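Protein chains: 2
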Amino acid sequence: MDIEKANAEATERMMEARPVLIGLGKAREVVPGMRDNLLLHAGPPISWARASGPMRGAITGALLFEGRVKDEAEARALVESGDIQLEPCHHHDAVGPMAGLISPSMSVYILENQTHGNKSFSNLNEGYGKVLRYGAYSEEVLSRLRWMEDVMAPVLADAIKASGGIDIRALLAEALHMGDEGHNRNKAGSLLFTKILAPLVAQVAPSGSVAAEVLRSMGDNALSVLNPVMAACKAMVDAAHGVEGSTIVSVMARNGTDFGIRVSGLGDRWFTAPVAVPDGLYFPGFTAEDASGDIGDSTITETAGIGGFAMASAPAIVTFVSGKPQDAIDATLEMYEICYTEHRFFTIPPLDFRGTPTGIDVRKVVEKGITPRVNTGIAHKNAGVGQVGAGLVRPPMAMFEQALLAFAEEYGV
Amino acid sequence: MDIEKANAEATERMMEARPVLIGLGKAREVVPGMRDNLLLHAGPPISWARASGPMRGAITGALLFEGRVKDEAEARALVESGDIQLEPCHHHDAVGPMAGLISPSMSVYILENQTHGNKSFSNLNEGYGKVLRYGAYSEEVLSRLRWMEDVMAPVLADAIKASGGIDIRALLAEALHMGDEGHNRNKAGSLLFTKILAPLVAQVAPSGSVAAEVLRSMGDNALSVLNPVMAACKAMVDAAHGVEGSTIVSVMARNGTDFGIRVSGLGDRWFTAPVAVPDGLYFPGFTAEDASGDIGDSTITETAGIGGFAMASAPAIVTFVSGKPQDAIDATLEMYEICYTEHRFFTIPPLDFRGTPTGIDVRKVVEKGITPRVNTGIAHKNAGVGQVGAGLVRPPMAMFEQALLAFAEEYGV
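Just so you know, the sequences run in chain order W and E.
The first sequence: position 148 = 148 (the numbering used here), numbered continuously.
The second sequence: position 210 = 210 (the numbering used here), numbered continuously.
One thing to keep in mind: the hints can contain errors.
All copies of an identical chain are treated as equivalent in the list; a pair is satisfied when it fits inside any one copy or across any two copies.
Unchecked claim - Using 20 Å as the maximum straight-line C-alpha spacing, the simulated SDA-like pairs for lysine to any residue come out as follows:
1. Lys324 / Leu351
2. Lys130 / Gly53
3. Lys70 / Gln85
4. Lys324 / Glu174
5. Lys324 / Ala173
6. Lys26 / Pro396
7. Lys161 / Lys364
8. Lys381 / Thr319
9. Lys324 / Ala291
10. Lys5 / Asp158
11. Lys161 / Pro284
Hints were generated in silico from the structure; no laboratory data involved.
Bear in mind the structure is a predicted one, so any value in this text is a computation, not a measurement.
Chain W with its partners taken away, still in its complex shape (with noise of 0.2 Å):
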């Protein structure tokens, strides 16, 4: 049982995966799995009984949107009644921010590792606001929903098909050296992604009118890249998974009410905790009191080694999430203590270009006490409110310790 070979096997198969984005189709069309009475929801499995606010909200909104019930009570029964099925992202190679949801009609981003071969999958991004993924559901965000799906989406489709496929990797790596950790700061990748889709739209796109809409809405969306670079690192981690013997976690996920985990050598299961609430800046008129708990499939990014562990990069994030400057410096430091590797693509340049802390090993988070830092958005607690600030987060250590039980048991080390 060589473990040290296993966690580099891992590492080495999550850093050399390169996630390609190849086109835009319908999730009914192109997620594996989909079928018309499923949504996909962010973090662990979870029932309408368990679901948080924002989850409910985003349920209901998604509901509306595919035309199926008229408010919440009709969503709470429709799902209560087993005629809609809920099942994570994670089953079906694909990851949501925040509520994470996506239903059958909704497009989604399809990425190729094309080291490995495994694709992955992610929606679109809807901007700031009223949004579904923060569990709003009024006119305004079903409304902005549909023209993403109507106007925007068979314009993206077109010019992604037109690129021959954009390297997300490689965008990520230089986002990187602008400023980006890739989680909650993603405005230089989204700018990246903007400009190198920007001739293409105007070329493919209907209409000068319609081809402008479209680069003001991405252009002026700085997480427009959030949800391809959330699918580029499920297709790293994917690309790790399943590596007999080893302790690198491969998945981490929130539902709003568990946070859940999956380890590379411990095959599907989920090791699950009750979700924190995060710290972090309110928007005016909110406080810690009206936060939902911890919620999304984000923080896939710090699983693949950005985000919260790339904060060392993006020390203007501090004006978002709160803190010193130093203190970005001091999360990525830290970070190097539980993980097995630091990355060679994704590095960064206030730390003399070192690679980003990458592959969190289960053994040295139990055997430090030292829990990955983790970015993300605020949720409402309630549904159809909507995001009320960004901040920091730690998940629950009694997942790890939950895991490297079994590990032990799964071993018998």
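Place chain E on chain W using the hints.
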């Protein structure tokens, strides 16, 4: 004679200047004092006889572009006859990178300082490789200039008009939080510029194909915003110029032969000394032996408190100009020693959002024996070749000594 008060006023005017890009027009129609037999160039005044290789190459290219000559010998004859005259960009409210050639038929960005009302101008950026500003003038160079004039400029002019004005000070402030220093590294700024213009270009271009061509050209050129940035800096320092009793440097510029400075309280006279050759990294196949002397108006960026003075914002720049990320921090810290103040709007995340060193004080330069640090591209010393590298350079101390002496004489102190 309250020098401190004068310097406070000069730097206050420099920082409060708010240059907005308001249009694009032909130099002949919009640059004050432009005429058909005039070429503008970088740096202090120069004759053909004393001009460096890249300056001669760029003059030849500009005259070829104007259809006035057939080769370098004809260009020389025309300039030496006095039928074509050479004057500094700075004598016409303009600036140009490297050789800085602006000929009557070239389009220029028009900026207006919306605080104090003065205007400034700069030409379009050509991108990389064989380009006029580095002294190249092959058919490849000329055909790109023609495409820029015939295809790109009309679209950009309409797009800028449709934008209602682009606040370049705000753009720069944001770019400094994304790893730019605004002189050699304008990657984030160029993406922000492209992002703002993209929907407008898509809207106003005569076809999707032309929009795509223009957007590809802007997006793929990480210096596309350099020229508007330089013009913005020119508008800022011009606002600081002419304050009675001020020892603040209001222009630093090089023509490849001489470095020249102007001082706020000393009117329009130039203080000059021979240029140095930059230290830096050379492209494959070239060495310091191939380098021209320091050239270009782009030192207007350092004069306004960015560029080499904001190196601490741009740790990744060391891969381009040589050194370690700590050298970038040290460069900025050293410049605080010779500056009057710290910028109100340009701040540096890794230094806890401290303002950039702003307003070079001739007295401090001479007293402390510290000359400004300048980032720069490096041109080949021969006409017709182009860029061979990028690096760092210091202006000659002699100019600052001359200026201080002149100040003492002028004001009797």
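Tell me, in ascending order, the numbers of any earlier hints that this structure violates.
6, 7, 8, 9, 10 and 11
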